[in-house]
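A.B. asks: Spelled out, the chains give:
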Amino acid sequence: MSVARAGRFGDGSEGSVSPSGGAARIADAFANHGKLAALMPYVMAGFPTLEESARIGQACVRAGADVIELGVPYSDPLADGPVIHEAGTRALAAGSSIGGVLEVARAISADVPVVLMCYANMVFAPGVESFLDRLARSGASGLIVPDLPYGEAPEVLGACEQRGLALVPLVAPTTTDQRLAAIGAQARGFLYTVSVVGTTGERRALGERFAEVVRRAKSSTDVPVALGFGIGTPEQAAEAAAAGADGVIVGTRLVREAAEAERPAEAVGAVVEALAAGLSPAR
Amino acid sequence: MSGAETEADPVEHRFGSYGGQYVPETLMPALAELEQAWLEARQDPGFRAELETLLRDFAGRPTALYRARRLSERLGRTVYLKREDLNHTGSHKLNNALGQALLAKRMGKQRIIAETGAGQHGVATATVCALLGLECVIYMGVEDTRRQRPNVQRMELLGASVRPVDAGARTLKEATSAAIRDWVTNVEGTHYVIGSVVGPAPYPALVRDLQRVIGDEARAELLDREGRLPSRVIACVGGGSNALGIFAAFLGDEEVELVGVEAGGDGIDTPRHGAPLTVGGRAGILHGARSAVMQDEEGQIVEAHSISAGLDYPGTGPQHAALRDSGRARYVAVTDSDALAAFREITRLEGIIPALETAHALAWVLAQPDGGIDLVCLSGRGDKDLAEVLGKEQP
Numbered sequence: 008m009s010v011a012r013a014g015r016f017g018d019g020s021e022g023s024v025s026p027s028g029g030a031a032r033i034a035d036a037f038a039n040h041g042k043l044a045a046l047m048p049y050v051m052a053g054f055p056t057l058e059e060s061a062r063i064g065q066a067c068v069r070a071g072a073d074v075i076e077l078g079v080p081y082s083d084p085l086a087d088g089p090v091i092h093e094a095g096t097r098a099l100a101a102g103s104s105i106g107g108v109l110e111v112a113r114a115i116s117a118d119v120p121v122v123l124m125c126y127a128n129m130v131f132a133p134g135v136e137s138f139l140d141r142l143a144r145s146g147a148s149g150l151i152v153p154d155l156p157y158g159e160a161p162e163v164l165g166a167c168e169q170r171g172l173a174l175v176p177l178v179a180p181t182t183t184d185q186r187l188a189a190i191g192a193q194a195r196g197f198l199y200t201v202s203v204v205g206t207t208g209e210r211r212a213l214g215e216r217f218a219e220v221v222r223r224a225k226s227s228t229d230v231p232v233a234l235g236f237g238i239g240t241p242e243q244a245a246e247a248a249a250a251g252a253d254g255v256i257v258g259t260r261l262v263r264e265a266a267e268a269e270r271p272a273e274a275v276g277a278v279v280e281a282l283a284a285g286l287s288p289a290r
Numbered sequence: 017m018s019g020a021e022t023e024a025d026p027v028e029h030r031f032g033s034y035g036g037q038y039v040p041e042t043l044m045p046a047l048a049e050l051e052q053a054w055l056e057a058r059q060d061p062g063f064r065a066e067l068e069t070l071l072r073d074f075a076g077r078p079t080a081l082y083r084a085r086r087l088s089e090r091l092g093r094t095v096y097l098k099r100e101d102l103n104h105t106g107s108h109k110l111n112n113a114l115g116q117a118l119l120a121k122r123m124g125k126q127r128i129i130a131e132t133g134a135g136q137h138g139v140a141t142a143t144v145c146a147l148l149g150l151e152c153v154i155y156m157g158v159e160d161t162r163r164q165r166p167n168v169q170r171m172e173l174l175g176a177s178v179r180p181v182d183a184g185a186r187t188l189k190e191a192t193s194a195a196i197r198d199w200v201t202n203v204e205g206t207h208y209v210i211g212s213v214v215g216p217a218p219y220p221a222l223v224r225d226l227q228r229v230i231g232d233e234a235r236a237e238l239l240d241r242e243g244r245l246p247s248r249v250i251a252c253v254g255g256g257s258n259a260l261g262i263f264a265a266f267l268g269d270e271e272v273e274l275v276g277v278e279a280g281g282d283g284i285d286t287p288r289h290g291a292p293l294t295v296g297g298r299a300g301i302l303h304g305a306r307s308a309v310m311q312d313e314e315g316q317i318v319e320a321h322s323i324s325a326g327l328d329y330p331g332t333g334p335q336h337a338a339l340r341d342s343g344r345a346r347y348v349a350v351t352d353s354d355a356l357a358a359f360r361e362i363t364r365l366e367g368i369i370p371a372l373e374t375a376h377a378l379a380w381v382l383a384q385p386d387g388g389i390d391l392v393c394l395s396g397r398g399d400k401d402l403a404e405v406l407g408k409e410q411p
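Taken in order, these protein sequences are the chains called A and B.
Sequential numbering from 8 applies to the first sequence in this note's numbering.
Sequential numbering from 17 applies to the second sequence in this note's numbering.
No wet-lab data here; the hints were simulated from the structure.
Misleading hints may appear alongside valid ones.
[Unchecked claim] Beta-carbon label-pair distances, calculated as ranges:
hint, chain 1, residue 1, chain 2, residue 2, range
1, B, 83, A, 193, 54 to 60 angstroms
2, B, 367, A, 216, 56 to 62 angstroms
3, A, 161, B, 270, 32 to 38 angstroms
4, A, 89, B, 353, 45 to 51 angstroms
5, B, 25, A, 169, 18 to 24 angstroms
Where is the CB? At the ideal position from N, CA and C, for every residue including glycine.
Generate coordinates for the entire structure from the input sequences, incorporating the hints supplied.
C.D. replies: Here it is in structure tokens:
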């Protein structure tokens, strides 16, 4: 288990380019988790602070996380509901920067593959190649851009491939069969399947079409299918696995825990442990 | 609407390197559906007749083209005002809201959402929803609900639900983000009536096409009365729908100069303005399109500032960015204080109280020493701004 360095986050020392392919590392994580599905917690980098978010990520790993989805705080997160939006706003107010976010990625990626969740403008602003060079040097394995649909993706996809980074696309219940086939064919790492028509956030029950969307997603691609948006309880995680999801992404539930708990890393770790138990084959 | 579209004309997704569809996957089928509906509707004589009838009998079009007497005398040249303030609901916004609401009905969507800054687009949308019996939800920043209170009251009277947005600077950017999140959640039964030439394709082209009635009317009438084209066409630019609506008819007239006036706020040498086209800098992505955007080095969108809620926006329409780059149009900025002075001056000079947004365009015209014939889009009336202006100005 690596521990976040004592030095300040965001000091620019991001290390050298990782030689191993991000997609291969993600594939390993999906192949060797020993659970009903891979457990993929979302951690908002920089929330409540950069240091604490790294500790939260490491607590998730100890509690059984197989892949970490690391959120990049952004001013205008259109795909996110109020909890993650607010956390991002607070992280930015606390001074979060991309340099600091990538230090968190480095701290966590020593143990599990890290996939960055980052809005498109932050990828394009410094230039796609420059952004991805930094991402690759941080040890991250992949990238999710929630506002970069299939038609806008070619430049980023090509640049990711050159650097061994997996560009993970999203599909939604509204995605047509034709689009699904095209998106599934170019998915790298895994296919992020949105369980509901809506933004991120906890829901009492999984969307009524979640099983159908998992089935459709699986038939469209060779990579693992991970289900996200609206999954917050061990029971929902188990339901997603039972429906055939190869991975289960839990975000808002954990960010809420980090916002409310006095000791965020310990509290988030406990929730992830319960989610892992929900995905235990012995259950 | 223009009579020029044919089946061969695609709906533009890109304007040079600008535009595009940078939105969550969930919305992609809805954008395709909207584009298809527009391609079909604009060919459909029944749709066109219904829209034209409503523009005439309900909105009151064509709006007047007024030769501003005392203003022309003061400046020693001819200034025409295209009187969109006389359009029903008091601004050009109704042209677009009518067209989009008819499209929504055509698509079988019974619920309408919209964002609003100054409240003019919200009022126009609420009005059309009352007319057509559609459910209406308007997102508006908390700060704007304060400074444009009369428009909140109008929307509520019209039966709309006004949802105050308490995030960020609590103005138009956050209202637009909230509307997009609503659409992501309710996309299957809801149409999002975006209020300007912004957003993901097909919106920038769709809204321009619905607003070009401003330019088509003005161009024909001016030719008829003066026997010539204007030397300059001037309009204020926030998202830029009144500007693109009037510019669109003159794009092919190379001798006509097109001037877009942005919000200079405290001055474009400060960070407090709303003038991304004038200031230049790196393009960015905001609300689904790549365009001129106010942002920091890492790509965080920064807050705009303007005394005028309708121009208080850090982005702008992608076609404006392309027109700037090609040199076909030029963009300038006018400060809060100059806009306030123009607001007062035009009111006394012409007996027309312009919207604070429009006052930016008028301030630029007032400051020009020369010119032949100026055509200004008087995009809206300023009754909504009285409290804000009287609170800031000397007695």
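A.B. asks: Going through the earlier hints one by one, which of them does the structure break, listed in rising order?
C.D. replies: Going through the list in order, the structure violates hints 4 and 5 and respects the others.
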